[in-house]
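S.K.: Protein chains in written order, with the numbering used here: chain A, 63 to 307; chain B, 63 to 307; chain C, 186 to 703; chain D, 186 to 703.
No lab work stands behind these hints, which were simulated from the structure alone.
Glycine included, C-beta positions come from ideal geometry on N, C-alpha and C.
Keep in mind that the hints are not guaranteed to be accurate.
Pairs of lysine-lysine, DSS-like flavour, derived with a Cα cap of 30 Å [unchecked claim]:
#1 D:619 to C:628
#2 B:101 to A:241
#3 D:658 to A:241
#4 D:559 to A:274
#5 B:101 to A:141
#6 A:187 to D:658
#7 A:220 to D:669
#8 C:619 to D:619
#9 B:141 to A:236
#10 D:676 to B:64
#11 C:559 to B:274
#12 B:241 to A:101
#13 B:236 to C:676
#14 C:676 to B:202
#15 D:204 to D:669
#16 B:187 to C:559
#17 A:64 to B:236
#18 D:619 to A:285
#19 C:658 to C:619
#20 C:409 to A:285
#21 B:236 to A:101
#22 A:187 to D:652
#23 A:187 to D:676
#24 D:658 to A:202
#25 C:559 to D:652
#26 A:101 to B:101
#27 C:686 to C:269
#28 D:559 to C:612
#29 A:220 to D:676
#30 A:101 to B:141
#31 B:285 to A:101
#32 D:612 to C:628
#33 C:612 to B:285
#34 B:241 to C:559
Over 12 Å on every C-beta distance to chain A, these chain D residues come out as not near it, computed from the model [what the hints assert, rightly or not]:
#35 201
#36 251
#37 306
#38 331
#39 344
#40 371
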Amino acid sequence: MKIRPYGDTMSDGKVQVSFTLPCLADESGIEAAKILARKMGMNDPNVVHVEAIGEGFSFFVVYGSVIHEVETDSIKVEKVETPTMSREEIEAIIEAEFDRDIIFIGASTGTDAHTVGIDAIMNMKGFAGHYGLERYKHIKAYNLGSQVSNEEFVRQAKILKADVLLVSQTVTQKDVHLKNMVNLVELLEAENIRDKVLLIAGGARITHELAKELGYDAGFGPKKYAEDVASFAILELIHRKKRVQ
Amino acid sequence: MKIRPYGDTMSDGKVQVSFTLPCLADESGIEAAKILARKMGMNDPNVVHVEAIGEGFSFFVVYGSVIHEVETDSIKVEKVETPTMSREEIEAIIEAEFDRDIIFIGASTGTDAHTVGIDAIMNMKGFAGHYGLERYKHIKAYNLGSQVSNEEFVRQAKILKADVLLVSQTVTQKDVHLKNMVNLVELLEAENIRDKVLLIAGGARITHELAKELGYDAGFGPKKYAEDVASFAILELIHRKKRVQ
Amino acid sequence: MNKLDLDKNTILRCRISAKKIADDIHGFINQHTTVSVERTVCRLLGIDGVDELDIPIPNRLVDEIYQAGNLGKGISVYIAAGLKLYDNSMARFISAFTAGEVRLSDLKLLSEQEAENILRSQFNKTLAKIKLNKGIRKELQDKYPGRETKLYVIVATGNIYEDVIQAKAAAAQGADIIAVIRSTGQSLLDYVPYGVTTEGYGGTYATQENFRIMRAALDEMTEKTQRYIQLVNYASGLCMPEIAAMAAVERLDILLNDSMYGIIFRDINMQRTFIDQYFSRLINAYAGIIINTGEDNYLTTADAVEEAHTVLASQFINEAFAKQARLPEELMGLGHAFEINPEIENSFLYEVAQAEMAREIFPNAPLKYMPPTKHITGNVFRAYMQNTMFNMATTMTNQSIHLLGMMTEAIHTPFMQDRFLALENAKTVQGALKMWREDIEYKHDGIIRSRAVEVLNMAEKLLDEVKDSGLFKALENGVFANVKRPYDGGKGLDGVVKKDKDYFNVIANRMEAELSED
Amino acid sequence: MNKLDLDKNTILRCRISAKKIADDIHGFINQHTTVSVERTVCRLLGIDGVDELDIPIPNRLVDEIYQAGNLGKGISVYIAAGLKLYDNSMARFISAFTAGEVRLSDLKLLSEQEAENILRSQFNKTLAKIKLNKGIRKELQDKYPGRETKLYVIVATGNIYEDVIQAKAAAAQGADIIAVIRSTGQSLLDYVPYGVTTEGYGGTYATQENFRIMRAALDEMTEKTQRYIQLVNYASGLCMPEIAAMAAVERLDILLNDSMYGIIFRDINMQRTFIDQYFSRLINAYAGIIINTGEDNYLTTADAVEEAHTVLASQFINEAFAKQARLPEELMGLGHAFEINPEIENSFLYEVAQAEMAREIFPNAPLKYMPPTKHITGNVFRAYMQNTMFNMATTMTNQSIHLLGMMTEAIHTPFMQDRFLALENAKTVQGALKMWREDIEYKHDGIIRSRAVEVLNMAEKLLDEVKDSGLFKALENGVFANVKRPYDGGKGLDGVVKKDKDYFNVIANRMEAELSED
Ligand code: B12
Ligand code: B12
Ligand SMILES: Cc1ncc(COP(=O)(O)O)c(C=O)c1O
Ligand SMILES: Cc1ncc(COP(=O)(O)O)c(C=O)c1O
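Extracted from the complex, chain A is given alone in its bound form (with noise of 0.2 Å):
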């Protein structure tokens, strides 16, 4: 099916943008800011608000209506494709399948500081109502916490003998985190481990699409939490176990 924006009539292909130029908010500018308008395949755009914002810069509200069109059945995504289980099906499937606990490191690694994503993930008391890993009967959660270097994490990895690792990665500016999570991958390929646990990823800014792209083997985003990765984790380790044999 083909589909369009829509404001209040089927794909009428309205769009809402804003934007700032370095220019005057003077007839000159608005025209600009319509001819970026019409490159971006609006017709028709329409101006509805220009003002200075100091020293030579002008901020634009556009309305528009996009000719583009987007084909949804032609749509694909990587996505993660294993079912979410609750803990206790987690539980339970470690117990049958495995004989010993399954561990699991975590960190938010390189110079980011930001905790709260990883905690939520890993910490017993989790997040919006969902326990973290450490509350979970076979599965055990190191986490080590923020600003761990990649070395750090490798290290660690190796000593706790780790199944899964897990980075989180919130800071994005400059895509400081794509340099990080890359160098990680290069770290453990160097090490000769990298097929020997199961890498995921995870952050605001971070999809599944992006992670495999990294050489990962899965990505959570926002409103992801512990038992989804526990089952993407327990599944994908069952499935390369039975691979093994």
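Starting from the structure of chain A, add chains B, C and D with the ligands where the hints point.
M.R.: The following block gives chains B, C and D with the ligands in isolation, referenced to the frame of chain A:
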């Protein structure tokens, strides 16, 4: 000069976009939003918010960088080229150039009932500290009010021997204003008086460019006041008078 | 709750003046009828539909008598005569009439008593339906009471089917009340369009079929959301009572229905409007429909600080007219608005003063509070902020019908996402400030209290003046909204007819009688 | 103003507990120094620059003594000895040192008296500059006082030149205070980067040259806007006192400078932090720099309703530490934040209670009020609404330093337009609610008053407990922000050194003496 939108680094191309799509607020919906954003020229769009807004529709907020640039050197805008004079100057110039009063008639025409705009231009007390035409010496200003049909407007123009016709249009939904404005031009032509009057439009969504396109002599939008339109009208009338002589 | 400690006697004096003002007009109203009033009688007798030229049958009927100069008798007696001729079959009578087989003027007129007997079974059907609607509404409201301050949004696509999509999404997102805004120009039509419509400008035509379609959609959403979703339309313009009648039959819940709006904002003749508003309100009283008055509009043409007292004075007048039409206070949705320029120092204090004042002077009225519109620009973010302040003022002063401001107010009629965001804003504020009103007090001699006292005193003075000059004169002098209207000017005056001595309106009589019993 | 009628004795008991808590720690502080403290001494003696490996000279100097195990004597005496050797020429001494021509450990040490005599001309230059700055600031503030509640925004592009563009635009739009956020990671560097920087992540490196560039830009805007535009940076992390010294020299006006933030949020060792914070605050006191404390951060990891009292308790502790460092109340920018989930019923009442409480307990402190961040999502419109509510709470409770919320808080560091819109929101609210605070009262036993009392009582209890356990233990137990830190853990412990009996810090001595005179 080529310019691009500015977020926090010159030419980073950052724009904010929001729209509603007739789809679910799930991974596929997010992908649809991204596809649309890419078609709009946004590199690496970031769907920062998605939310179901009822009955099969979802709302998206997207940030990203557009690849487009705007060449500002080649921008030419249709704008009113006459300078804006003060009321006193206008009065003086009429006194010098004409030996009679100049007659303005104005109305909010068609089914449009918005009078605040035309009142702002015409009424004694004016708007935002700018006196209206009724207060100008040597100008006779007739404000016919709102919901005046084009037929009636033309009839009054003839009866009052108007030099300048002021048309206010506020409601623009389904382009009702365009139809109404074009219809007036046709009526004036049919009555053979189009070239005997100055025809000027105004309203929140009216631009000079649009007015010219529709066959008007000028158009005035927000933040234009009596002195803007009077300056244009008087100078243009003088100009025409000289051309005829 | 009494947070402002306003002087009871001043309020009482305002009410006394307003009653005198309305009583004077009422003398005039009693002596007149209008084409619209008579068409309404036709409709409530069950006459609907259009002829081959799309002219509504009620218009055809009334116009014939009007042309003949006999409308002073009222249409009732003519319909009765026609029915008698066709064995009490309305269908046969009407088809004969439209086929030109019978002219009303040729009919032999009956006594009021006989006419009423003949008409009884006709209007009983309609009135029973209206009462049934009232019962259903009450039942649903008891079952699904919903929040105290109702969230009200508009749809205005021009296409009733598109409106339905938007209305359902809004209800799903938390709207309690949906208004279908009318197309520009409809209020000046001296007839009500017929059937489904899918083209309108700035709104959708109010037709009975459109009412029905939206009512069904909202009933569906009532069940889905477990909140009774109310439907609103406009009984203003040249067809006030007709729309009220249609709304009563289709179970609308609220009608915009001001005693003076048409005069001031649509340049409809004042005589016409006063006569029409009485009958429309009588119907609303009968049907249990809340009226909404239009004082908020004053502040779009007049300054909200300077003219605040005109809003209050007008509320008193609207109240007085409503009482004459036998509307209980619970149906008096008096209007006001948050329209002070936000750049004015302490504007928020003035807004709260005005809103709290209205709340305390009309404690039982389901006050309708309108959002900022005039000072909204194309800066949608700023607009969203202004709406937050407005939502806070609403919750702080416990308004009843809370019209949500749209961030795109200065741009277009609302998009689906605009409404969604507005609802989210209002819901969040309602929760975050839930007990605020109970928790704070306004200082004695503070700005808020002083402002309320000042406005009340000015309103008293104004009402006193209007009482002396008469309301017709006051409107000629531009007392409200800075708009002046001549007594004999404006649209629709030709539809005003002086009642003959034997004038007879079978519906009005019946409704007045029934409502006086209660 | 006294709107909450809080119990004076409870407040007094809190202060007494807090003093005891800080006094205990102060005993420990007095017996220790750190590498950072000693590097700061170097800087205030006029030593700056880096060697060919980009290592700052102060680090080179201090590290050598530290390695030799002699830092317990303090660096002052070594510098004095070096100077003596090079005829009081700092330049010659330093170049000899970097060239490896002289080793500090080889120098013959002097008496404290002689050392001080030699150093006097060095530090007098720097201290004179700092006093001059203080004078200039005062003069500009008197000339351009600006609004009472100052509007504070951040720039954080990573590139100081880009920051300047953004800062100037913000000032033009009404910002009174500009903070240049630091790059992630800088706070864990045990040195201060040198020179202009144009690359940073989530912020721009704090360097003296960057300070200078921004100060000049803001001085330009001060003249243009006729408001004194204040500059902020961060004296947190492993280099607290060094940054304070740089800031004093470059006339920064405000420094983020908490007594415990580094411990809790950067896992910096608690011993290290307490020692460093003392010296940094002493410098701030001397330079007239307002400190901002970081209690707001607690509510990003702990719940804002449940842990509200920890914020208040921490404010008392920060106040006590500040007093020890001789900071007057006028420089104590205690922090708190609007971080309650807006979906919680009456959340706005709780926010107002907390903010008003802080205002009344610390009447002379330039309170720093932080915007909602934790409950901001990618819905930028909703965020803008939350910020409106926050702005209203700020004005209602008369906060001093008003950090503006950004609608893109959940997305990126602010774009120019985000800041513009935030300023517009705040300015409008400030005007519209100008006299609100004077105009309303909170009911006795209402939610707001009860909440304030509850929080105060809980804080008292907590302070009492911490007083008994000692602050080190409390931090080990995770009393603040739900974060536990071991006494011996975290970063930077190795930079802590026990003072020898003959420890000597020429700057601290001088500042303490001068400040005690006042
Ligand atoms: C709280 C907070 C802080 C706290 C952090 C406290 C702490 N101990 O964590 C404090 C105040 C210390 C802080 C500091 C800074 N912050 Co901060 N901060 C935030 C804030 C307000 C909320 C983040 C948060 O806690 N979200 C709640 C958690 C639960 O959500 P989450 O992280 O997305 O986690 C969920 C999922 O993503 C997922 N998940 C997360 N990680 C993982 C990992 C795995 C393996 C899995 C499976 C899932 C998973 O599960 C969680 C539950 O669903 C955001 C703004 C916002 N509203 O989002 C800014 C924000 C993230 N901070 C930002 C910045 C820039 C900083 C600073 C760099 C500023 C500075 N220069 O000083 C510093 C950090 C310095 C550093 N070295 O990192 C920026 C980042 C911009 C960007 N995109 O690059 C933001 C967006 C604010 C802004 N607009 O500027 N911050
Ligand atoms: C006030 C108002 C009303 C008042 C009008 C009172 C009156 N007597 O004028 C009332 C409440 C009656 C009203 C009713 C309706 N309104 Co209205 N109204 C507004 C509002 C809030 C402000 C308009 C205004 O007065 N602006 C102030 C004036 C001074 O600005 P201005 O008109 O732009 O004029 C300036 C310039 O444009 C210029 N100018 C204007 N005209 C002319 C003419 C000439 C010759 C020149 C030189 C210059 C000039 O000079 C002026 C000074 O600078 C706007 C929303 C908004 N915030 O903009 C909606 C708005 C215009 N209304 C709208 C609508 C849809 C309606 C209704 C149709 C709703 C309905 N279905 O019931 C009805 C109108 C019915 C009808 N038949 O027209 C829509 C229009 C949408 C669209 N773009 O099509 C708006 C945008 C609101 C919305 N979002 O839905 N409205
Ligand atoms: C009382 C009243 N009637 C009607 C309307 C709408 O105008 P119209 O009658 O032109 O549909 C309004 C304005 O919103 C109003 O306040
Ligand atoms: C007191 C204090 N210091 C510093 C910071 C900033 O963190 P960093 O020290 O990592 O730059 C904050 C948080 O904004 C803070 O509140």
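S.K.: With reference to the structure, classify each hint as holding or not holding.
M.R.: Hint by hint, here is what the structure shows:
A distance of roughly 15 Å separates the Cα atoms of residue 619 (chain D) and residue 628 (chain C); the hinted pair therefore holds under the 30 Å criterion. Proposed proximity of residue 101 (chain B) and residue 241 (chain A) is supported: the alpha carbons are some 27 Å apart, at most 30 Å. Our distance criterion of 30 Å between C-alpha atoms is broken by residue 658 (chain D) and residue 241 (chain A), whose separation comes to about 39 Å. As the CA atoms of residue 559 (chain D) and residue 274 (chain A) are separated by approximately 28 Å, the hinted pair is consistent with the 30 Å bound.
Proposed proximity of residue 101 (chain B) and residue 141 (chain A) is supported: the alpha carbons are some 22 Å apart, at most 30 Å. Distance hint between residue 187 (chain A) and residue 658 (chain D) is fulfilled; the C-alpha atoms sit about 23 Å from each other, no more than 30 Å. Taking the CA atoms of residue 220 (chain A) and residue 669 (chain D), the gap is about 26 Å. The hint holds against a cut of 30 Å. Taken as a hint, the residue 619 (chain C) and residue 619 (chain D) pair is honoured in the structure, with Cα atoms around 23 Å apart against an allowance of 30 Å.
Between the alpha carbons of residue 141 (chain B) and residue 236 (chain A) the distance comes to roughly 41 Å, so the proposed pair goes past 30 Å and is violated. In summary, the hint linking residue 676 (chain D) to residue 64 (chain B) is not supported, as the alpha carbons are separated by about 48 Å, beyond the 30 Å threshold. A hinted pair counts as satisfied when its Cα atoms are at most 30 Å apart, and residue 559 (chain C) with residue 274 (chain B) qualifies at roughly 28 Å. Annotation: proposed proximity of residue 241 (chain B) to residue 101 (chain A) holds, straight-line Cα distance about 27 Å (limit 30 Å).
Under the criterion of a C-alpha separation no larger than 30 Å, the hint pairing residue 236 (chain B) with residue 676 (chain C) is consistent with the structure, at around 26 Å. Restraint check: the Cα-Cα separation between residue 676 (chain C) and residue 202 (chain B) comes to about 26 Å, which is no more than 30 Å; the hinted pair holds. Under the criterion of a C-alpha separation no larger than 30 Å, the hint pairing residue 204 (chain D) with residue 669 (chain D) is consistent with the structure, at around 23 Å. For a cut-off of 30 Å, the pair hint linking residue 187 (chain B) to residue 559 (chain C) stands: about 18 Å separates their Cα positions.
Restraint check for residue 64 (chain A) and residue 236 (chain B): satisfied, since their Cα atoms lie roughly 23 Å apart, inside the 30 Å limit. For a cut-off of 30 Å, the pair hint linking residue 619 (chain D) to residue 285 (chain A) is broken: about 40 Å separates their Cα positions. Note on residue 658 (chain C) and residue 619 (chain C): the hinted pairing is violated, with a Cα-Cα distance of about 45 Å set against a maximum of 30 Å. Of the supplied pair hints, the one linking residue 409 (chain C) and residue 285 (chain A) holds, its CA atoms being roughly 26 Å apart against a limit of 30 Å.
For the proposed pair residue 236 (chain B) and residue 101 (chain A), the alpha carbon gap of about 24 Å is at most 30 Å, so the pair holds. Of the supplied pair hints, the one linking residue 187 (chain A) and residue 652 (chain D) holds, its CA atoms being roughly 28 Å apart against a limit of 30 Å. A C-alpha spacing of about 27 Å is found between residue 187 (chain A) and residue 676 (chain D), which places the hinted pair at or below 30 Å, so the restraint holds. With a CA separation close to 28 Å, the supplied pair residue 658 (chain D) and residue 202 (chain A) stays within the 30 Å bound.
For the suggested pair residue 559 (chain C) and residue 652 (chain D), the alpha carbons sit about 58 Å apart, so the restraint of at most 30 Å is broken. A distance of roughly 10 Å separates the Cα atoms of residue 101 (chain A) and residue 101 (chain B); the hinted pair therefore holds under the 30 Å criterion. A hinted pair counts as satisfied when its Cα atoms are at most 30 Å apart, and residue 686 (chain C) with residue 269 (chain C) qualifies at roughly 23 Å. For the hint pairing residue 559 (chain D) with residue 612 (chain C), the CA-to-CA distance comes to about 20 Å; that is within 30 Å, so the pair holds.
The suggested pairing of residue 220 (chain A) with residue 676 (chain D) holds, with an alpha-carbon distance near 23 Å, which does not exceed 30 Å. Using a Cα cut-off of 30 Å, the hinted pair residue 101 (chain A) and residue 141 (chain B) holds, with the two alpha carbons roughly 22 Å apart. Between residue 285 (chain B) and residue 101 (chain A), the direct Cα distance comes to roughly 28 Å. Compliance with the 30 Å bound is thereby established for this hinted pair. Using a Cα cut-off of 30 Å, the hinted pair residue 612 (chain D) and residue 628 (chain C) holds, with the two alpha carbons roughly 25 Å apart.
Distance check on the hinted pair: residue 612 (chain C) and residue 285 (chain B) sit about 35 Å apart at the alpha-carbon level, beyond 30 Å; violated. For a cut-off of 30 Å, the pair hint linking residue 241 (chain B) to residue 559 (chain C) stands: about 26 Å separates their Cα positions. Chain A leaves residue 201 (chain D) outside its interface by the beta-carbon criterion, the shortest separation being 34 Å against a cut-off of 12 Å. The beta carbon of residue 251 (chain D) sits about 23 Å from the closest Cβ of chain A, which is more than 12 Å, so the claim that it is off the interface holds.
Taking the minimum C-beta to C-beta distance to chain A, about 41 Å, the non-interface status of residue 306 (chain D) holds against the 12 Å cut. Residue placement check: residue 331 (chain D) keeps its beta carbon more than 12 Å from all beta carbons of chain A (closest about 17 Å). For residue 344 (chain D), the shortest C-beta to C-beta distance to chain A comes to about 10 Å, within the 12 Å cut-off, and the non-interface label is violated. The claim that residue 371 (chain D) lies off the interface is violated: its Cβ sits roughly 9 Å from the closest Cβ of chain A, which falls inside the 12 Å cut-off.
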